[in-house]
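There are 2 protein chains.
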Amino acid sequence: MLKIAIDAMGGDNGCAPIVDGVILALKQDRHFTAILVGDKKELLPLIPHKFQDRIEIHESSDVISMHDSATDALKRKESSAYKAIELVKKGEAHAYVSAGHSGASMSLATLRIGRIKGVSRPAIATLMPTVNGTTLVLDVGANVDCDAKNLNEFGIMGRIYAEDVLGIEDPLTGLLSNGEEESKGNEVTKEAFKLLETIPNFVGNVEGSDIFNGSVDVVVCDGFVGNIMLKTAEGVADTIGKIIKQNLRRSLVSITGAVLMRKVFKKLKLKVDYAEYGGAPLIGVKAPVIIAHGKSNAKAMKNAIFQAIKAADSNMNTHIEDKLKIKS
Amino acid sequence: MLKIAIDAMGGDNGCAPIVDGVILALKQDRHFTAILVGDKKELLPLIPHKFQDRIEIHESSDVISMHDSATDALKRKESSAYKAIELVKKGEAHAYVSAGHSGASMSLATLRIGRIKGVSRPAIATLMPTVNGTTLVLDVGANVDCDAKNLNEFGIMGRIYAEDVLGIEDPLTGLLSNGEEESKGNEVTKEAFKLLETIPNFVGNVEGSDIFNGSVDVVVCDGFVGNIMLKTAEGVADTIGKIIKQNLRRSLVSITGAVLMRKVFKKLKLKVDYAEYGGAPLIGVKAPVIIAHGKSNAKAMKNAIFQAIKAADSNMNTHIEDKLKIKS
Chain A
21 MLKIAIDAMG GDNGCAPIVD GVILALKQDR HFTAILVGDK KELLPLIPHK FQDRIEIHES
81 SDVISMHDSA TDALKRKESS AYKAIELVKK GEAHAYVSAG HSGASMSLAT LRIGRIKGVS
141 RPAIATLMPT VNGTTLVLDV GANVDCDAKN LNEFGIMGRI YAEDVLGIED PLTGLLSNGE
201 EESKGNEVTK EAFKLLETIP NFVGNVEGSD IFNGSVDVVV CDGFVGNIML KTAEGVADTI
261 GKIIKQNLRR SLVSITGAVL MRKVFKKLKL KVDYAEYGGA PLIGVKAPVI IAHGKSNAKA
321 MKNAIFQAIK AADSNMNTHI EDKLKIKS
Chain R
21 MLKIAIDAMG GDNGCAPIVD GVILALKQDR HFTAILVGDK KELLPLIPHK FQDRIEIHES
81 SDVISMHDSA TDALKRKESS AYKAIELVKK GEAHAYVSAG HSGASMSLAT LRIGRIKGVS
141 RPAIATLMPT VNGTTLVLDV GANVDCDAKN LNEFGIMGRI YAEDVLGIED PLTGLLSNGE
201 EESKGNEVTK EAFKLLETIP NFVGNVEGSD IFNGSVDVVV CDGFVGNIML KTAEGVADTI
261 GKIIKQNLRR SLVSITGAVL MRKVFKKLKL KVDYAEYGGA PLIGVKAPVI IAHGKSNAKA
321 MKNAIFQAIK AADSNMNTHI EDKLKIKS
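Quick mapping for you: the protein sequence lines, in order, are chains A and R.
Mapping the first sequence onto this note's numbering, position 75 (from 1) lands on 95, and the numbers just tick up by one.
Mapping the second sequence onto this note's numbering, position 325 (from 1) lands on 345, and the numbers just tick up by one.
If you are wondering where the hints come from, they were derived from the structure by calculation, not from laboratory data.
Just so we're clear, the structure is a prediction, and the values are computed from it rather than from any experiment.
Just to be clear, a hint being listed does not mean it is correct.
[Stated by the list, open to error] For lysine-lysine, the following DSBU-like pairs were computed, each having C-alpha atoms within a straight-line distance of at most 30 Å: (1) A:Lys214 - A:Lys109; (2) R:Lys169 - A:Lys210; (3) A:Lys204 - R:Lys204; (4) R:Lys110 - A:Lys265; (5) R:Lys315 - A:Lys262; (6) A:Lys109 - A:Lys137; (7) A:Lys137 - A:Lys210; (8) R:Lys210 - A:Lys210; (9) A:Lys210 - R:Lys315.
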């Protein structure tokens, strides 16, 4: 039976959406057990009686809050994040999910669970919406300064994640750059381009817009660029929403229109809503680690847990190790 | 009388939208003359008789097309771009506007017109829409690899452009980074942060989303990151539009809604449409240079010409030279 360790304490909205998400997941999938790590007194009343045999509670007395520094995470051995990571490290759980301090989860996972042999730096990946599907982008925040070798590893790991976890056959991989021509790029990406060319179905340089038009399955960038891309996408979507709302308020005719359009906007929300995808996997550590959004609702948590299960059920990490062995 | 040199040949849709834009601008503003550089035989029939005294045509026999390399631009001395730039260099025109090959315009402007004393590298700036206005972002493509000193100069030039050309009093300047905290950033931006702190109203690090929420007037980044940010924004806006359209087609109710919403979408388009802002100024060269979009329609060209006029009427370049003198 698969066991998923869940940091139940760190989310922006307390334990309730975390526990609700776990229950949603348990209802839908009968082949796993959840280990909630956190304050028993808070957690127990949230769990309906009939789910108590499929949820273990692992007591922890400390919580790493969003205001704490990630570097403290290693010393805070009583924290829910630390204890949940330790369960995975000791083999008592197969994967880790947290909606808490993402920096803390990343450094705990990298340093306590450890990197897959051959991986220099694990990367955070995220799924961005396109008209017909999604694009996997990595790194989006774990590694701010990267060299060509790091970017090449991200490409290798991203391709394997797309194949093994997302089920995309022979995915197309691109390198995020300032133009499609091979001559485009900064010093690091130009060097990375040459290394990435050995990846099957490498399409070369892609532009920011290609992330959203479905022309590629995996996009490689460093964590600095990836974070800016991610926040830009959120900012634009948010601003378009606000401009629409602002103009709606001014016009009665458009209010009628808006009511009729509600269904369309619901579908739009569904496509751009991170809750649909769950969380962001940290790829390159020895066990599946899913970093969920701090604001995750129950549905987002459920999907984050399913991501962890899918990754744990796959041979992703063996494939990554094998592929990097051939490289070196 | 102000004279604006216009490369009439390089646009994606031929000369017609360029000439139409010039005529729109001449109708609205009586204190300038346009010098169209291009093929007289093509241009003359497009100019109504009553505007012929305010439009000079300067013959050129060559056009740098979008497929040509920017490095060839310096050798193609008969091209419309080269000849228009030479008019500015010789003082026969006060500013340059082109919807042609942007790389060619940039290198011709930098190498033939020359940099303002103290400027290491000119930067391309662009206006991004917010709910209530715009944000000036630079560099968005001229300089792919930048050091801290370059980024600091972009901050100084951006602030002066915002004050002198956009008329923003005491603008807020931010450094694009992967988080707001001072500790965030890559090696180069962390170093640039310290230099930028001497700029009045420097707000520190800003995120991709801050470009679109109106919290800052000027955002500094290198041209690699700036290009990716720009293309990401275009891609997201485009994808949201497509998702809305796709869903509209599926539902009769929402077609009715869409008709009623048309007014709202028109306003939205107006806010996110580059045609509203004209083109992207190349800041740091000795005369105003405006790089218009290759797909510019007449309105976009008109606004690009007005940008050039505003810049030529301002003391921007003297201010940049003075400010950089103090710095060094």
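Hint check results:
1. Straight-line distance between C-alpha atoms of A:Lys214 and A:Lys109 comes to about 36 Å, which puts the hinted pair past the 30 Å bound.
2. Between the alpha carbons of R:Lys169 and A:Lys210 the distance comes to roughly 23 Å, so the proposed pair stays at or under 30 Å and holds.
3. The hinted pair formed by A:Lys204 and R:Lys204 meets the criterion: a straight-line CA distance of about 27 Å does not exceed 30 Å.
4. For the suggested pair R:Lys110 and A:Lys265, the alpha carbons sit about 51 Å apart, so the restraint of at most 30 Å is broken.
5. A threshold of 30 Å between alpha carbons decides the hint, and for R:Lys315 with A:Lys262 the separation of about 27 Å falls inside it, so the pair holds.
6. With a CA separation close to 15 Å, the supplied pair A:Lys109 and A:Lys137 stays within the 30 Å bound.
7. Annotation: proposed proximity of A:Lys137 to A:Lys210 holds, straight-line Cα distance about 26 Å (limit 30 Å).
8. Pair hint R:Lys210 plus A:Lys210 holds up; C-alpha atoms about 23 Å apart against a cutoff of 30 Å.
9. Between A:Lys210 and R:Lys315 the CA atoms are separated by roughly 29 Å; this keeps the pair inside 30 Å, and the hint holds.
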